[in-house]
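Asker: Next come the chains, spelled out residue by residue.
Protein chains: 4
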Amino acid sequence: MSGNSFGLLYCVTSFGESHGPAYGGVVDGCPPGLELSAADIQKELDRRKPGSSRHVTQRRESDAVEILSGVYEGRTTGTAIGFLVRNEDQRPKDYSAIADKFRPGHADYTYWQKYGVRDARGGGRASARETLVRVAAGAIAKKWLRQRYSVVIRGYLAQLGSIEIPFKNWQSVDANPFFSPNEAVVKKLEAFMDALRASGDSCGARVNVIAENVPVGWGEPVYGRLDADIAWAMMSMNAVKGVEIGAGFGSIVQKGSEHGDEMTPEGFLSNNNGGVLGGISSGQDIAVSLALKPTSSIRLPRRTIDTRGAATTVETGGRHDPCVGIRATPIAEAMLACVLMDHALRHRAQCGDVTPPTKVVKAKKIN
Amino acid sequence: MSGNSFGLLYCVTSFGESHGPAYGGVVDGCPPGLELSAADIQKELDRRKPGSSRHVTQRRESDAVEILSGVYEGRTTGTAIGFLVRNEDQRPKDYSAIADKFRPGHADYTYWQKYGVRDARGGGRASARETLVRVAAGAIAKKWLRQRYSVVIRGYLAQLGSIEIPFKNWQSVDANPFFSPNEAVVKKLEAFMDALRASGDSCGARVNVIAENVPVGWGEPVYGRLDADIAWAMMSMNAVKGVEIGAGFGSIVQKGSEHGDEMTPEGFLSNNNGGVLGGISSGQDIAVSLALKPTSSIRLPRRTIDTRGAATTVETGGRHDPCVGIRATPIAEAMLACVLMDHALRHRAQCGDVTPPTKVVKAKKIN
Amino acid sequence: MSGNSFGLLYCVTSFGESHGPAYGGVVDGCPPGLELSAADIQKELDRRKPGSSRHVTQRRESDAVEILSGVYEGRTTGTAIGFLVRNEDQRPKDYSAIADKFRPGHADYTYWQKYGVRDARGGGRASARETLVRVAAGAIAKKWLRQRYSVVIRGYLAQLGSIEIPFKNWQSVDANPFFSPNEAVVKKLEAFMDALRASGDSCGARVNVIAENVPVGWGEPVYGRLDADIAWAMMSMNAVKGVEIGAGFGSIVQKGSEHGDEMTPEGFLSNNNGGVLGGISSGQDIAVSLALKPTSSIRLPRRTIDTRGAATTVETGGRHDPCVGIRATPIAEAMLACVLMDHALRHRAQCGDVTPPTKVVKAKKIN
Amino acid sequence: MSGNSFGLLYCVTSFGESHGPAYGGVVDGCPPGLELSAADIQKELDRRKPGSSRHVTQRRESDAVEILSGVYEGRTTGTAIGFLVRNEDQRPKDYSAIADKFRPGHADYTYWQKYGVRDARGGGRASARETLVRVAAGAIAKKWLRQRYSVVIRGYLAQLGSIEIPFKNWQSVDANPFFSPNEAVVKKLEAFMDALRASGDSCGARVNVIAENVPVGWGEPVYGRLDADIAWAMMSMNAVKGVEIGAGFGSIVQKGSEHGDEMTPEGFLSNNNGGVLGGISSGQDIAVSLALKPTSSIRLPRRTIDTRGAATTVETGGRHDPCVGIRATPIAEAMLACVLMDHALRHRAQCGDVTPPTKVVKAKKIN
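As they're listed, the protein sequences go chains W, H, F and E. Be aware that the first sequence starts at 4, since it is given in the working numbering, and climbs by one per residue. Be aware that the second sequence starts at 4, since it is given in the working numbering, and climbs by one per residue. Be aware that the third sequence starts at 4, since it is given in the working numbering, and climbs by one per residue. Be aware that the fourth sequence starts at 4, since it is given in the working numbering, and climbs by one per residue.
Since no wrong hints were added, every one of them can be taken at face value.
Computed cross-link-like contacts, SDA-like style, restricted to lysine to any residue with a CA-CA straight-line distance of at most 20 Å:
#1 K46/E <-> S56/E
#2 K190/H <-> R57/H
#3 K96/H <-> Y75/E
#4 K362/E <-> T310/F
#5 K362/E <-> T315/F
#6 K362/E <-> A314/F
#7 K258/E <-> L303/F
#8 K258/W <-> R302/H
#9 K258/E <-> R322/F
#10 K96/W <-> Y75/F
#11 K46/E <-> V155/E
To be clear, the hints were calculated from the coordinates, so they are not data collected in a lab.
Just need the whole structure built from these sequences, with the hints factored in.
Answerer: Spelled out as structure tokens, the structure:
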């Protein structure tokens, strides 16, 4: 294994490069009997598709998914689900100018030094285009989690550069190209992105993801913690540099009497812990926040070296997202879905005979 | 597997409860021929030992480690290294008052609901005392990494509650009970902790960890990223609620022209990425920061429920760290060491025949 | 994970059903820099292809492989190698007569009872057609092992029904449709198969596989034994019911003074152990033998039950190998190659700094 | 991981050397709530204990097990079960005469060449004494399987050297020191062993293991096959050179019309497949047979080389089993139990919502 699979029981394997013939993946471990069609996956792929607004990369891809196995007469069979997305709008020539240079902040340099060989076309394997495999795998997980446990997983853009976006409602999120949960801010985001794009620069972002209705008991103690696996999943996304669960870094300045979420027979009175206690879900909403760095591929000239080690400068043309955070929401949702599904299966493997002994009223929603 | 092992090639397995007979672990995958004695491990265990100052738990444990296998005539044999630490100062009676209640912010509730049974003595398996297994495993990794690759891994307390601690120098870190890298702040920390302890409350903290001299090329793309595995490792520690690599959450407000670390033949000009690009080490320092929540076990009364679901209050006596962050530094170092060692082995498995093609001057130190 | 991946460092993931759109796989962990083209894989796929003689299934498949990722400018990049083989000659209608019955000796019944749903077209996921994924993955492993370590992996048919086939030479193996290492026996095999086919029945077989030039030291003690992993790999092939290493079941009646392979400075004097001692390769040839049961799909009527549990009989038309053992040779070679490659990588991960301390003359070939 | 752990969900980790301070292990993944005491494990350890008759090694070990974690108030908690067995009768000096020589047929040579260092005391990690860890882990699995699914796992000695032992009844098995299922043969076995021991030589054996009442549906297709994992488990035992499931090598000469087990509403009419079809349990008895080679450590002089590569001879004194097969029965039972438990958990993780759709009368017992 060299990093192209994840998950113990709901296991996702991925392949593909940005300007190769195709991306694809294998989902292993899905329970049998789930109704599944390409449309279920396509719906989520379309949410992260390039070219959907002027604020993201203009690469033209239909991102049409083909299911190759594991589904028979409209239902999963319990065997491996293979799927494929052909690349359609490859332009490897866009990259000839930077094929022997390393973009600052990009994986160009580290792939080259690690492997001694590098597919320089659009970042090759390092391209964020790989995230379509995650979204496809997450679409299946989302559907099963919702049907089997009523789990709902949703995310939104919480900050774009220095613009904080106060959460208003979930309806707004899919009604604008930013996944902004607040329509009042959209105009401001558009103006900011137009100016940013004109400047040839890029910016960072914060994305929040919430999973509702997760039963108490998912996650394993010590090294198999649910929150640790979520942190891994988020940090494995391109450009992510920070992850928080619940109060996150804010908990540094909290007192124990403030942070520890009190309980009543009607549920928890707060959710500083973000739905995870001791690595195990508490029944409250799982609340995750992540920081995405600004895109490395920018038009502004920057100092770098070439593959012979000589000083040079690099400017990146081609088609790039000026803020990878904008399209990150469906990816973060997908990764959270995959982790939760893995732990749902792990939990019933070991604790399938356990009924949670203490009855509590469904925890109040406090985030 | 139910969460008590981690690592693909440098694999650590852990067992033990806070008030059971012993903790222990198995380290599998250590290369043969490494000089190793109990003293190498004891040295690190003593750094996290309870009772070393009035600011931490007063439990009296010698934490003496016994190596049971895998070492012959003073050198590792390449087989499994088993080790054991007997508990000496168990006081299970301290917990009788809270055996049927759930401490807010603690794993009491989730263990109980997941397993239907719970070792209530001092948190049982959820106790932070488990981290001694991590420290032991990390001690072996640290030694091998330093001997084989000159890698140096060091951490420090960067913030205690609201007191930020500016980094001065590494010598200070082991010269005070807080792992403070700044002796001028120690008096302030002591006063703060004395007041906190008197109040019966607890507080959060920030710990930073740095790995120097990590070669370029460790880590695997996509899902086997070095930074994702580090995020997992840090979030798997008790009480951790947030993890950052490099600029972390600060990268949200950076522009691409500011964040992307420029390169010259003399090395990188900044380290916003914290030593990892595309999931692979860049040759710069690996820089990690983590947020620890305040301890859940406090003397102040708090609202909660009991195992029958009825409303009650809980006050936690016994012996507890008023700030788990104080003793977290050696644990974070250990976890980083284990992750790096795992990836060192993984890298040479796949890329053992590759020499990094571009020669660069050893990157300048900019953190 | 639900059984569709194998290998720790050279990891193979597989998907596809007999009468679905395609088979495919992902090979993860291949070292970078290996020259690789579709032709390298095609060559091996053609050896197991159906329809190559009248003695095997008459299904017409070109089994043309497409590499989808992981290769750039003719060399592996170190990232995931995705590949695809489209099914061309699906005839799902052939199976309508048996869609609600269970063939004796077949996986029909167990898939149905395990998953509650079953792709009845040609065995679905249980079809031996899946072995083309193994052969593709093995082709890459074979090439790397030969280039990097001069390892040569070859197999042959050692017994067909009751006809034992004495080994003559390797040249014969690919010169007849049986992988018989003895041309003198081929006429007899043909006559036997013609009669068997006419009778509507099927038969079992024995296949032997040998790996030459395997260096001393591959394999891990106790649970990661090379021979255990080989046994797993062979038994994971369709229809295999027995596996032997070296003297195998013959060692039951041997004395220790006869079995234990004596050593001299010129090498071992025998190879009863089949190239593995204590789970670790000895430098001698790895010698494996496997028993394949007769094909379950036969034209003769047999007693069985249907999906409602009622008694019935079943006769299997369609196109089937009357002896799956005939085409098993390239599959067994591929599985041995994958296991050896995995252990080659694992060995250099842990023991990359070790030089075998005792110099021995290259062991004499005694099998 | 370097070979000292096995199992995906019921995961066993092992450490210890023959003449080091102790053996021990960690069982991870056991469901919570199982009544468990040291006596449950001790009972099985006593069955494989050395010194129990004159026909096995005379090493004097009480093999007393201490449970260190994972059990609270007499029940498993769902967390890691650590256990320890101290070595008591170490005699490392017994090995000084062979410390720089390689015993033919032994792992001496391969460990030395792999690791460049070797614990020569009694085979170190390669000693069959490690199997006590397997037996301990198997004892827990056996208990859970019997309580939860009524699964019964039993083995017996089927052949000693050239003496075949016809199965009579299970009661006999634990009534003699050979695990012979036939008391009439015991005198013959004793005479044979007495003569063998006097001669200074050793012999091989065959052991059969049967699991009854295994539900239909355990095991995963393709690479996660139950029979493949069983083959792995058996071949991972010291000295095993061959494994068969059901008809095994006998299936080579069977016709399909003979081998394929016919079904009726009253169950299967034969069990050539040994309880596994397509890698998944069929509901019939799981039937496994294994071949064990003769012990390598014998008193007769044999040609070998020393660590400098020079020719020499070796005679092995010390205390050794003249036939490791005699004590192999409880070990094989334990390994089968661990594999079955792992697959029981894996099955309910993925297929926990499936009820086998076809009702069949409990399969008749035909082995």
